[in-house]
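There are 2 protein chains.
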Amino acid sequence: MINSVAIVGGTHGNETSGIQLVRNWMQNGIPSAFSSLNIRCFFANHAAMQANVRFLDEDLNRQFLPERLNSDSDAKEAILAKKINQELGPKGESNTDLVIDIHNTTSHMGATLIILATDDFHIQMARYVKQHMPEANILVEDEKPVPEHPYLCTIGRRGVMVEVGAQPQGVLREDVYQLTQTLTETLLAFCQAYNDGKTQNLPECEAFRLGVNIDFPMNEDGERKAMIHHQLQDADFVPLLPGQPIFRCFDGTDITWQGEDVTYPHFINEAAYHKLHVAFATASLVTL
Amino acid sequence: MINSVAIVGGTHGNETSGIQLVRNWMQNGIPSAFSSLNIRCFFANHAAMQANVRFLDEDLNRQFLPERLNSDSDAKEAILAKKINQELGPKGESNTDLVIDIHNTTSHMGATLIILATDDFHIQMARYVKQHMPEANILVEDEKPVPEHPYLCTIGRRGVMVEVGAQPQGVLREDVYQLTQTLTETLLAFCQAYNDGKTQNLPECEAFRLGVNIDFPMNEDGERKAMIHHQLQDADFVPLLPGQPIFRCFDGTDITWQGEDVTYPHFINEAAYHKLHVAFATASLVTL
Numbered sequence: 008m009i010n011s012v013a014i015v016g017g018t019h020g021n022e023t024s025g026i027q028l029v030r031n032w033m034q035n036g037i038p039s040a041f042s043s044l045n046i047r048c049f050f051a052n053h054a055a056m057q058a059n060v061r062f063l064d065e066d067l068n069r070q071f072l073p074e075r076l077n078s079d080s081d082a083k084e085a086i087l088a089k090k091i092n093q094e095l096g097p098k099g100e101s102n103t104d105l106v107i108d109i110h111n112t113t114s115h116m117g118a119t120l121i122i123l124a125t126d127d128f129h130i131q132m133a134r135y136v137k138q139h140m141p142e143a144n145i146l147v148e149d150e151k152p153v154p155e156h157p158y159l160c161t162i163g164r165r166g167v168m169v170e171v172g173a174q175p176q177g178v179l180r181e182d183v184y185q186l187t188q189t190l191t192e193t194l195l196a197f198c199q200a201y202n203d204g205k206t207q208n209l210p211e212c213e214a215f216r217l218g219v220n221i222d223f224p225m226n227e228d229g230e231r232k233a234m235i236h237h238q239l240q241d242a243d244f245v246p247l248l249p250g251q252p253i254f255r256c257f258d259g260t261d262i263t264w265q266g267e268d269v270t271y272p273h274f275i276n277e278a279a280y281h282k283l284h285v286a287f288a289t290a291s292l293v294t295l
Numbered sequence: 008m009i010n011s012v013a014i015v016g017g018t019h020g021n022e023t024s025g026i027q028l029v030r031n032w033m034q035n036g037i038p039s040a041f042s043s044l045n046i047r048c049f050f051a052n053h054a055a056m057q058a059n060v061r062f063l064d065e066d067l068n069r070q071f072l073p074e075r076l077n078s079d080s081d082a083k084e085a086i087l088a089k090k091i092n093q094e095l096g097p098k099g100e101s102n103t104d105l106v107i108d109i110h111n112t113t114s115h116m117g118a119t120l121i122i123l124a125t126d127d128f129h130i131q132m133a134r135y136v137k138q139h140m141p142e143a144n145i146l147v148e149d150e151k152p153v154p155e156h157p158y159l160c161t162i163g164r165r166g167v168m169v170e171v172g173a174q175p176q177g178v179l180r181e182d183v184y185q186l187t188q189t190l191t192e193t194l195l196a197f198c199q200a201y202n203d204g205k206t207q208n209l210p211e212c213e214a215f216r217l218g219v220n221i222d223f224p225m226n227e228d229g230e231r232k233a234m235i236h237h238q239l240q241d242a243d244f245v246p247l248l249p250g251q252p253i254f255r256c257f258d259g260t261d262i263t264w265q266g267e268d269v270t271y272p273h274f275i276n277e278a279a280y281h282k283l284h285v286a287f288a289t290a291s292l293v294t295l
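Listed in order, the protein sequences are those of chains A and B. To convert, note that position 154 of the first sequence is 161 in the working numbering; the numbers rise steadily by one, no gaps. To convert, note that position 172 of the second sequence is 179 in the working numbering; the numbers rise steadily by one, no gaps.
Calculated directly from the structure, the hints in this document are not laboratory data. Only a predicted model underlies this, so the values are computations on that prediction, with no experimental measurement involved.
Pairs count within a copy or across copies, as identical chains cannot be separated in the list.
Derived DSSO-like pairs: lysine-lysine, alpha-carbon spacing no greater than 30 Å straight-line:
1. 98 - 205
2. 151 - 282
3. 83 - 282
4. 98 - 83
5. 90 - 282
6. 89 - 151
7. 282 - 232
8. 151 - 83
9. 151 - 90
10. 98 - 151
So that you can see chain A by itself, here it is in the shape it has in the complex:
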């Protein structure tokens, strides 16, 4: 049973759509349709929200591993993570049945649900979301056991992320806000349907399983030699075939996709991965 749900905004302080949804529900109440659930609205990183930045010292959404939670780091987000872990967790023995952590991206990923496992619960959730919100994407990051992920949402008994784009950091777009609200409400509706035993016979759905990160090509001085090709820009989750252009180099040449198979790129040109020089991530199409 899913009784207690935490809805988290502001894990990254400049991702405004989740922050605004949580603020609105804090001030005006959760929609009455979900009154059978015990829902807590929660702001994760007030200081980063105030500063309108992703984080102050370190990425909060990479702190929730035992070695970080037990470290004596004085990074602001390391200290904050311990506090949040007590409030919504603790990881591994949480009283929160489901943590829904809301993010947005500069990539054109639409409304994307990120799940970290493909057990019965998450398969039912994915199928329910695709049935009720067909335009949503399901992204599966199950390359390792859930507890080994460093994400905030892993401190709940279960945890998922809502990721919506394209939206610049520090900007609130109505289209992104509405998609964020619709996907979050769909997840709450799923929880109620799951509790009522109504989610066991849903039709299979398609999802994208995370592959690897593809970096920008760099020169000897550590500078980028290319930008995302205009044919790839904004084409998140669109099939990318071998031979199709992925980078436009500053010398005017193009670099094409050299994979052996089709892939499904996403997080294309995400601003937050700027310093890492990650250009996009790959994915394979799977059936849940």
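For chain A, the structure is supplied; the task is to place chain B on it using the hints.
Just chain B, lined up with the frame of chain A:
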């Protein structure tokens, strides 16, 4: 005559398209078509570029007024402005004939040339740009004398800004990069044509004259009550008529444009104006 031209990137450290164009031209040379001009490529705020932020202490593009340039402020950008004023200025007695300062915006403004005066020179420039790049917009900010503007470009004998969007901060989009390069090259081609006396009989063109800033509606706690309406989002320079929606409030109601006349909104939902709560700027249509 326009002999010496400075092309500036990185006045705001997270506006990547101008930074990349300047870097590419520094490394590979200016296109040979412009060899009659003495062109200097210049990075304004290395520290902000390194940190991938707009500025460290204060907005560099608001520092170039006598009271700031003569102040003893220890803000990093106040100190930097004095240095840049010596290199490209000094303001009021500059050896640089034209400063082209390149910016980008999260607003959907396409390729926009911002001019600060409507004398013969700038009218010829605007007409030349519209003739050679019809998709470009001309934005006129001549509400006060040029020297009273705080912008970096005002330290040249003449100065203009290139402003291209939509592009998230810290992201380089190929479409925005290409528009930035095309507009900048068009300005250099204009300088050569102007020097050759070939720009005096160009047809009139339309431009937008800056009006006022419109703020987001706020509640008593200083929080926004609304977001940009989806019909206004991305509609920069599209005529906005009285009665058309501009804000979608979080209570579900809409706020409409109450001006007496049509206006031409721009800088709609610009991330950099987040803390100022500026929703957009108005403009009137003028003929140059």
